[in-house]
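Student: Put together the whole structure using the sequences plus the hints.
Quick note on numbering: our numbering labels position 189 of the sequence shown as 189, and the sequence is numbered without any gaps.
Hints are computed from structural coordinates only; laboratory data are not their basis.
Quick caveat: nothing in here was measured; it's all calculated off a predicted structure.
A virtual CB, placed ideally from N, CA and C, is assigned to each residue, including glycine.
Careful, some of the hints might be misleading.
Straight line, CA to CA, 27 Å or less: simulated DSS-like cross-link-like pairs of lysine-lysine [stated by the list, open to error]:
| # | residue 1 | residue 2 |
| --- | --- | --- |
| 1 | K416 | K432 |
| 2 | K597 | K368 |
| 3 | K524 | K432 |
| 4 | K443 | K432 |
| 5 | K443 | K368 |
| 6 | K443 | K597 |
Pair ranges (Cβ atoms, derived) [unchecked claim]:
| # | residue 1 | residue 2 | range |
| --- | --- | --- | --- |
| 7 | V517 | R277 | 46 to 56 Å |
| 8 | E343 | H194 | 17 to 27 Å |
| 9 | P103 | G369 | 44 to 54 Å |
| 10 | G95 | V488 | 43 to 53 Å |
| 11 | P287 | E221 | 18 to 28 Å |
| 12 | S187 | S504 | 23 to 33 Å |
| 13 | W49 | G354 | 48 to 58 Å |
| 14 | G93 | F515 | 51 to 61 Å |
| 15 | R566 | G354 | 34 to 44 Å |
| 16 | M428 | Q327 | 17 to 27 Å |
| 17 | Q473 | V581 | 28 to 38 Å |
| 18 | R426 | A209 | 37 to 47 Å |
| 19 | T241 | Q327 | 40 to 50 Å |
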Amino acid sequence: MNEKGVIRNYLNVQSALCPSCSPDGDKVAFIMNASGTPQVWCVPLEGGWPQQVTFFDDRVAEISFSPCSDHILFSKDQGGNEHHQLYLVRPDGTGLRELTDCPRAIHTLGRWSHDGRWLGWASNREHPAHFGIYVQEVNSGAVEQVFTASGTHQVLAWSPHDDTLLLSRVNSNLDNDLLVLDLGDRSVAHLTPHEGEAQYGDIAWAQEAEGFYLLTSEGSEFTYLAYYDLDELSLRRVFATEHNVELLRLSPDGSTLAFSVNEEGYSRLFLLDEGQRQPRPVEGFPPAVVTGLEWSRDGENLVVALDGSCHNPNLWVYDTKTKGSRQLTYAAWGGVDPTGLVEPELVHYTSFDGLTIPSFYYRPREGKGPYPVVIDIHGGPESQRRVNFNPITQYLVSAGYAVFAPNVRGSAGYGKRYLHLDDVRRRMDAVKDIASAVSWLVKEGGADEDRLAVMGGSYGGFMVLACITEYPQLWAGAIDIVGIANFVTFLERTGPWRRYLRESEYGSLERDRDFLVSISPLHKAHRIVAPLMVIHGANDPRVPVEEAEQIVAAVQERQGVVEYLRYEDEGHGLVKLKNRVDAYPRVVAFLDRFVRKAGS
Numbered sequence: 001m002n003e004k005g006v007i008r009n010y011l012n013v014q015s016a017l018c019p020s021c022s023p024d025g026d027k028v029a030f031i032m033n034a035s036g037t038p039q040v041w042c043v044p045l046e047g048g049w050p051q052q053v054t055f056f057d058d059r060v061a062e063i064s065f066s067p068c069s070d071h072i073l074f075s076k077d078q079g080g081n082e083h084h085q086l087y088l089v090r091p092d093g094t095g096l097r098e099l100t101d102c103p104r105a106i107h108t109l110g111r112w113s114h115d116g117r118w119l120g121w122a123s124n125r126e127h128p129a130h131f132g133i134y135v136q137e138v139n140s141g142a143v144e145q146v147f148t149a150s151g152t153h154q155v156l157a158w159s160p161h162d163d164t165l166l167l168s169r170v171n172s173n174l175d176n177d178l179l180v181l182d183l184g185d186r187s188v189a190h191l192t193p194h195e196g197e198a199q200y201g202d203i204a205w206a207q208e209a210e211g212f213y214l215l216t217s218e219g220s221e222f223t224y225l226a227y228y229d230l231d232e233l234s235l236r237r238v239f240a241t242e243h244n245v246e247l248l249r250l251s252p253d254g255s256t257l258a259f260s261v262n263e264e265g266y267s268r269l270f271l272l273d274e275g276q277r278q279p280r281p282v283e284g285f286p287p288a289v290v291t292g293l294e295w296s297r298d299g300e301n302l303v304v305a306l307d308g309s310c311h312n313p314n315l316w317v318y319d320t321k322t323k324g325s326r327q328l329t330y331a332a333w334g335g336v337d338p339t340g341l342v343e344p345e346l347v348h349y350t351s352f353d354g355l356t357i358p359s360f361y362y363r364p365r366e367g368k369g370p371y372p373v374v375i376d377i378h379g380g381p382e383s384q385r386r387v388n389f390n391p392i393t394q395y396l397v398s399a400g401y402a403v404f405a406p407n408v409r410g411s412a413g414y415g416k417r418y419l420h421l422d423d424v425r426r427r428m429d430a431v432k433d434i435a436s437a438v439s440w441l442v443k444e445g446g447a448d449e450d451r452l453a454v455m456g457g458s459y460g461g462f463m464v465l466a467c468i469t470e471y472p473q474l475w476a477g478a479i480d481i482v483g484i485a486n487f488v489t490f491l492e493r494t495g496p497w498r499r500y501l502r503e504s505e506y507g508s509l510e511r512d513r514d515f516l517v518s519i520s521p522l523h524k525a526h527r528i529v530a531p532l533m534v535i536h537g538a539n540d541p542r543v544p545v546e547e548a549e550q551i552v553a554a555v556q557e558r559q560g561v562v563e564y565l566r567y568e569d570e571g572h573g574l575v576k577l578k579n580r581v582d583a584y585p586r587v588v589a590f591l592d593r594f595v596r597k598a599g600s
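Tutor: Rendered as structure tokens:
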């Protein structure tokens, strides 16, 4: 089989994720990409053949089963523009109905009321930069705006009596506040005045309506499990550790909390029973990342979405009575033999200033080097490279490349201090971390110093461009996917609801314009000597496509080597299979031409 056919097998590996249980307890709705784009599917909870529910050309983003009827709520955009609209459909695919017909605006999935009569969601339909709160009657479709204010607000939960909404007011990507909106008199109470930076989310309202469980980072380096008492307006820690607690879910009878803990990029799943102080670990799952949790309506089963380096995303079920686990979905492997996949090695290297950088290193099964190495930089930057299944990584490793995935300073998962080490004027320290990674790879990691490539998407795309302009002689090739080339034009053109959130991380145009100009790779394009590939979606609302076209034009003007792939029906990244099977074989051919053969 030719190489294009081999990599297509990896791209055909499917994913099942985002579980939501039906009110009768018989079915689980989920999202799977078996048709080429993520769509709604359903499978019996006891197991069996899954049924596809929706059949759109564009992706389905989120889903949620009604708590009281046989309807699934889902959101979908068009061409990757992220202007999500809300829809209802039955599990058999009938009764499809659009709830929001405002394609110029974004609508969040929101939350069902407990009686299933109402939906609460947020939208910027009144002003592109501000998200107000709306309540919609499901049967009639009637919509009423119940809260408006500048900035971004989201619906987190309905109270048990469906008379109030718990809202999030977003101050930055790493800071928010909780508000309670009384749907009777429309009064709003601020629950979380705090000093410093804090996040509050994953609300699980206690049945007695006197308070709720949540995950928060208030007063802590890491996110922990807490309880908010509405009578006393106080926050009480329930469980904390030296890692982030994630994905909180409360059983329907209120007796058991399920959550996961992010330990160095792997998830550990726990259950905490009412009246107990220490949680009990849940065993029986492969090493992976927990990406979703959902209780069955009777509380006897916990549906878990798992995604691991050697395990494509699938749903599993944990039986609380037998304490056994079983796989529920079997998303196809697309012709790939999973026994040949590679688990990464967790390594730590020392950067230029003595900071320890955690990283995942995927080495080929055959040979001891020197390897051609692709350094793969995550986006965000407030994100984290974890042990998720990555078809491109696994293909490259099978083809003899090593892949190095660092969590440079500014990454999530290692505490607030680490998260802020790249803020604004310290931005280029993260780029220095990559130069230090090269030193470690050549000295300790078996890398061939003449065959190094750098690849990344979104903010990782900026890092790629910064690497090849700040350290041009290190690289045999570079791949920029939906990356930032010029911070000034990026901030001017990104979605208006995003600008103030990004300025808290990158710096503002009013205060920091000169600095943003000084670090923008576009203004150093004359330094680029490495062959460059640029990939971008024409409908990208986050990093507009002009970022790609500026850097491509700058390299072409200097007769540099650049290959540009633009996809008219994509947004922030490539979602559709037809585009992925066009782009990534070209990525491999690019690497083979400029990196694998470099120095030979």
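Student: Compare the structure with each hint and give your call.
Tutor: Hint check:
1. K416 - K432: holds, 20 Å
2. K597 - K368: holds, 18 Å
3. K524 - K432: holds, 16 Å
4. K443 - K432: Holds, at roughly 17 Å.
5. K443 - K368: The given pair, whose Cα atoms are some 13 Å apart, holds under the 27 Å limit.
6. K443 - K597: holds, 21 Å
7. V517 - R277: 46 to 56 Å: Holds - the Cβ-Cβ distance for V517 and R277, about 54 Å, lies within 46 to 56 Å.
8. E343 - H194: 17 to 27 Å: Cβ of E343 to Cβ of H194: about 40 Å, so the range 17 to 27 Å is violated.
9. P103 - G369: 44 to 54 Å: holds, 52 Å
10. G95 - V488: 43 to 53 Å: holds, 48 Å
11. P287 - E221: 18 to 28 Å: Since the Cβ atoms of P287 and E221 sit about 25 Å apart, the hinted range of 18 to 28 Å holds.
12. S187 - S504: 23 to 33 Å: holds, 29 Å
13. W49 - G354: 48 to 58 Å: For G354 against W49, whose Cβ atoms are near 56 Å apart, the range 48 to 58 Å holds.
14. G93 - F515: 51 to 61 Å: Taking Cβ atoms as reference, G93 and F515 lie about 53 Å apart, which means the hint holds.
15. R566 - G354: 34 to 44 Å: holds, 42 Å
16. M428 - Q327: 17 to 27 Å: Distance hint for M428, Q327 is violated at roughly 45 Å.
17. Q473 - V581: 28 to 38 Å: holds, 34 Å
18. R426 - A209: 37 to 47 Å: holds, 45 Å
19. T241 - Q327: 40 to 50 Å: Given range 40 to 50 Å: violated, Cβ gap about 28 Å.
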